[in-house]
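So the protein lines, in turn, are chains A and B. The first sequence finishes on residue 682 if you use the working numbering, and the numbering steps up by one all the way, no holes. The second sequence finishes on residue 682 if you use the working numbering, and the numbering steps up by one all the way, no holes.
Think of the hints as simulated: they come from the structure by calculation, not from any bench. Bear in mind that the values here come from a model prediction, so they are computed numbers and not experimental data. Hints are not guaranteed to be accurate.
Chain copies aren't distinguished; within one or between two, either way the pair holds.
To be verified - 30 Å max Cα-Cα, derived DSSO-like pairs, lysine-lysine:
#: 1; residue 1: K528; residue 2: K232
#: 2; residue 1: K118; residue 2: K509
#: 3; residue 1: K509; residue 2: K538
#: 4; residue 1: K634; residue 2: K336
#: 5; residue 1: K182; residue 2: K219
#: 6; residue 1: K45; residue 2: K480
#: 7; residue 1: K61; residue 2: K218
#: 8; residue 1: K538; residue 2: K45
#: 9; residue 1: K482; residue 2: K340
#: 10; residue 1: K399; residue 2: K310
#: 11; residue 1: K232; residue 2: K118
#: 12; residue 1: K335; residue 2: K634
#: 13; residue 1: K148; residue 2: K623
So the chains spell out like this:
Protein chains: 2
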Amino acid sequence: MKLFVSTLMTLVFTFGFAQENKDKDNLMPLPSSIEYHKGYFVVDKNFSVRIEGYKSNRLFKYADKVLRRISNESGIFVDQKILTTSSNPQTSSVVIDVERGGKFDVEEDESYELLISKEGIIIKSVTDLGAMHGLETVYQLLEVNNGKYVFPLVSIKDSPRFVWRGLMIDVARHFIPVDDIKRNLELMSSVKMNVFHWHLSDDQGFRVQIDSHPELYKKGSDGNYYTKTQIKDIVAYASDLGIRVIPEIDVPGHATAILTAMPQLASKDTTYTLERNAGIFSPVLDPTNPETYKVLGDVIGEMSELFPDKYFHIGGDENEGKNWESNPDIVAFMKKNDLKHPHDLQAYFNSKLYKILASNGKEIMGWEEIQNEAIPKGALIQSWRGVNEGEEVGASLSKAVKNGYNAILSNGFYIDLMLPASSYYSTEFVPNTIELSKEEEARILGGEATMWSELITPLTLDSRIWPRTAAIAEKYWSPKSKTKDVDNMYSRLDLVSKKLERIGSQHIKNKDVIIRNISNYNQPEVVKVLVDVCEPMKVYSRNPNGTMYNTFSPYTKFADACIVDAIGAREFGNLVNDFIKDDSSENRLKLVEVFRLWKTNHSNFLEVVATSPMLEEVALKSKYLNELGVLGLKSLELNNISPLELKSALKNIDEISADEGGRTELAITNSMKLFLKSLDHK
Amino acid sequence: MKLFVSTLMTLVFTFGFAQENKDKDNLMPLPSSIEYHKGYFVVDKNFSVRIEGYKSNRLFKYADKVLRRISNESGIFVDQKILTTSSNPQTSSVVIDVERGGKFDVEEDESYELLISKEGIIIKSVTDLGAMHGLETVYQLLEVNNGKYVFPLVSIKDSPRFVWRGLMIDVARHFIPVDDIKRNLELMSSVKMNVFHWHLSDDQGFRVQIDSHPELYKKGSDGNYYTKTQIKDIVAYASDLGIRVIPEIDVPGHATAILTAMPQLASKDTTYTLERNAGIFSPVLDPTNPETYKVLGDVIGEMSELFPDKYFHIGGDENEGKNWESNPDIVAFMKKNDLKHPHDLQAYFNSKLYKILASNGKEIMGWEEIQNEAIPKGALIQSWRGVNEGEEVGASLSKAVKNGYNAILSNGFYIDLMLPASSYYSTEFVPNTIELSKEEEARILGGEATMWSELITPLTLDSRIWPRTAAIAEKYWSPKSKTKDVDNMYSRLDLVSKKLERIGSQHIKNKDVIIRNISNYNQPEVVKVLVDVCEPMKVYSRNPNGTMYNTFSPYTKFADACIVDAIGAREFGNLVNDFIKDDSSENRLKLVEVFRLWKTNHSNFLEVVATSPMLEEVALKSKYLNELGVLGLKSLELNNISPLELKSALKNIDEISADEGGRTELAITNSMKLFLKSLDHK
């Protein structure tokens, strides 16, 4: 059989079948190469899977899961029960041919070839990791044609652009329970992401059971931490999904939780309590205190047994060293050791930490501030600083690889900034202004989206990560040449958003829950009209000074129902674009319908507010929407906007844009301006 | 302060405030006594909680949780951070006064008194269990009045009718993961239920880690079992919610999973594999084999360390003894020991089990078949047999208490039968035809709703339990006299359904997910029209012979989106009732609107079917709905139904009722008949 598979694949990829164009890809991330052929493979109750060659337990589980997903999506009662080595039918719809098990290594082969013919589906890969990616591609290809559930006939050759395709989740600012982590691992693997970076400690919490110093999690977590059993469970779960797990203990800054538990390690003698606000705080470990290294050695030692990955992330970001400079003993230590600047002291600290990690068999990973001559080239640098931090656009990553480090990019992938998918999708790893040698470019291992959790809870976690992160995943996986077309990306993002919900994502359903809650179960569809054109305020402006919200604030409000790339706003933007290209009566009518909805929604909205005072904060926003609806109707139906009115309307829209009610913004104002300006030329 | 609280409570309950009637209670279960007073206590950011008297850790957690819920529901940024002994403000909105910690005992005091005045809220109770019930009552009372979040002023005295208010969840037929169990414990406690009966083994699975015989869970669970750590975690979690946990290992029948792992314990020498279908099967343990008791002793020994409750449930149901009678050795054993009937052999088996339990400090609990002279009166009997099993209505429970046992009732509370809430609500513990002495009546400890899981998965679990089980919880908690009014129950059930969603239930949101999935994200609102008037087939008729569906079938289909007490069907029923009482033009118009929707929905439904073949199975049902709409419109708008047409229409409706498309029934046919028949008299 193996020989047969190989021969068939060779034939197909050499000579090809009759090719056919497809209007629209379903896939995200797009594969390196794909050819569509005429016809379909039809799913029926005999649909089954067989694994050839190397048998890995995780691949059986994965294949079984995809089999179940296909049954669940089609409603077909597939005969094949649970998939095990002993249960594989000899005649199978899907044959998976694997050479060996994959390792979590930056050199690993994750490629696969996929052939779907009318006779069946063949996935061929070097490692089981590649086969798992192939299975996800198969699942994404499932579609309906002519009353049947089918797979289009394709030949795919695929391998990732980058080996490091990560998502960081901060579980310190708000704790994220085990199942929410697991669900997101599952969603990550569905878009071929393979690194989970677990930000386990920060000023607001220390989230790991440490037996040698139990006060760390007992005093540092409000009772919300992961037991060792839970961590092992998550690491094993991730491994079964082809995802490596990188733990982060952020030191020497971002250490308030550690110091709340162990104030004796502090650089300043004061009382420490868990931080409840957001921001950059001064509590910092004392790098001149030997106990600091003793404790970190114990912590890293215990954690090294939980986390098999070779990398261990030690944070290292945003330490301003204030409490060092104000401590005479530390200042004296710096003088004695010829450390001129807090940066030098941090380098000293990192070099000590590096040795602790090395003695536990770990390589060091850290935010870009850890770069220093004391840190050897085996370190992995996470680039995060950008224009706001005084770095030239895109320069920070290039600096790291020019310094000789392997590096990954997070600047440009901060999903907590609440920017649209298009923004992350257009992030370039190396700007045009910078030239890298081939060796330097090879040191760019990939990227990580970062989900900082100041303003999220398990209720909103998924809607803050998905579907946007699928577009980022494509950025990490697909060839650069295939990640340029934003409109095409959005059309596929809409499809992948549905697939994500089918396999468990809560990004749609929890949004609806919040809408029902905030409307007090009175006409939620009216509230939805406003939610769908509003977005949470961006780039940390929702939470001024990091103090308007704290850990225990309600994250169950209007802003929490709103998502980035607001659906109604995107639809309106498309209608305006169509209208500008062609002011046909059809395009006019579509806009008129939207404007009517905006206009009439407000009186109902006020009814809802009367039963749900929680919504008072956005009553003005609803009124603005009403005004824009009236304005739109006046423009299109009555066709009698004077130049003076137009000018005043545009000014009015600027005021509307500035409204911060409910800590959200009306996301239709730019499109509305384009619409109004276009009237001049009509 | 304690004295002040006591004095105030005495004054209020003695003299009372000015009383005011309230149109509608929010509460479920209803308290023993409640008086409303004029006015409200208003929630603002100073809202806070203090605990007086006995300090129990679980009460702090519970109070903190309710504080967070109030903040989340109102959107008010409550100043008080996490609630601990050290963080209690001296001036508090809520003062909780508790004498001592509660125990899980059938004699325990769970009563509380609740006083809400304009100055604040006082909860007074003997045990922390009582205070926790009081906190749930407070949360249910939260409402909106005149633009504010308020609590109505009330004096409540409350205590449960029954001490045993349980929910059984079967995790054998389909495995239910830890978080789904925890969420349902939380929901149970919100309606004052206090017993979680965990059905851990059956023909389809053995779900407990047992270290002395690891093959039990390794071969008996498809990898889906609870580790000891997870079990301890769940038991502790339940205890913090005031819920006791009763484990069940179902023996000697329902034992296919055990025998798959350990065929040497079987009464018949054959090959055993995990059962994938539903029903009553013949595999049964060999009660003549000493190893059977050795293994059960080990299992019970290990489990007794995980489950602190004094009761241990050994199943004992539905063993027909076929494999005993066909085994000559067993027949010989029976003869030798003068055991005439398989029942006698099972009694022998139970008496051995009883001793194992006793040696582990456990009392025996079992399904009613375990009653026998060998079983002492300390046993707790679970009555489940009813008319279908040849028992007189309501007789089985009474028999058990007449036999001298404590007993609980499950017959009449089988929620997997998919009957309406009204059916369970009208279940009587003792039928009028039976007389019990006071002592006998006192032996009725309460009841348990049973959630057998042949046709449920985590996706549908909540919608199969909630909100119906809240009505059952009221049956167990509230005075008998207060559980008679079905309409009133339904109006409060609608409220409690929303509260359940607010605190995490997935019964609404997962239904929407399934609707989106089965519509393939094309016009889900059209599919919802049909879902909302259909119910899953009842009383096990959805799964004929237990073989149409198996463990791995897709439970993601039309029937899985449908719920009992279908919303649209209930609304239509109410409109028909209104119309029959008064055929005003207003009432006519409301019906006309519904009929129009039914009529017009079908063409859109066919559009959806074209993109989602999974829905073909209910296309005819949509057509029937369309026909009923046309018929309704003809009756009301055209007013020209002839007696002959009416007769034919009624016959047609009988056919429609019999349609089993999608394994569902159109739940509007009875109301439609009432409507048509009423036309005769108009």
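Hints, one by one, checked against the model:
no., hint, result
1, K528 <-> K232, "neither (41 Å within a copy, 42 Å between copies)"
2, K118 <-> K509, "neither (37 Å within a copy, 38 Å between copies)"
3, K509 <-> K538, "both (23 Å within a copy, 28 Å between copies)"
4, K634 <-> K336, "neither (76 Å within a copy, 98 Å between copies)"
5, K182 <-> K219, "both (26 Å within a copy, 25 Å between copies)"
6, K45 <-> K480, "neither (40 Å within a copy, 52 Å between copies)"
7, K61 <-> K218, "between (36 Å within a copy, 15 Å between copies)"
8, K538 <-> K45, "between (48 Å within a copy, 26 Å between copies)"
9, K482 <-> K340, "neither (48 Å within a copy, 79 Å between copies)"
10, K399 <-> K310, "within (24 Å within a copy, 66 Å between copies)"
11, K232 <-> K118, "neither (43 Å within a copy, 51 Å between copies)"
12, K335 <-> K634, "neither (73 Å within a copy, 97 Å between copies)"
13, K148 <-> K623, "between (47 Å within a copy, 21 Å between copies)"
The structure is inconsistent with the numbered hints 1, 2, 4, 6, 9, 11, 12, although it conforms to all the rest.
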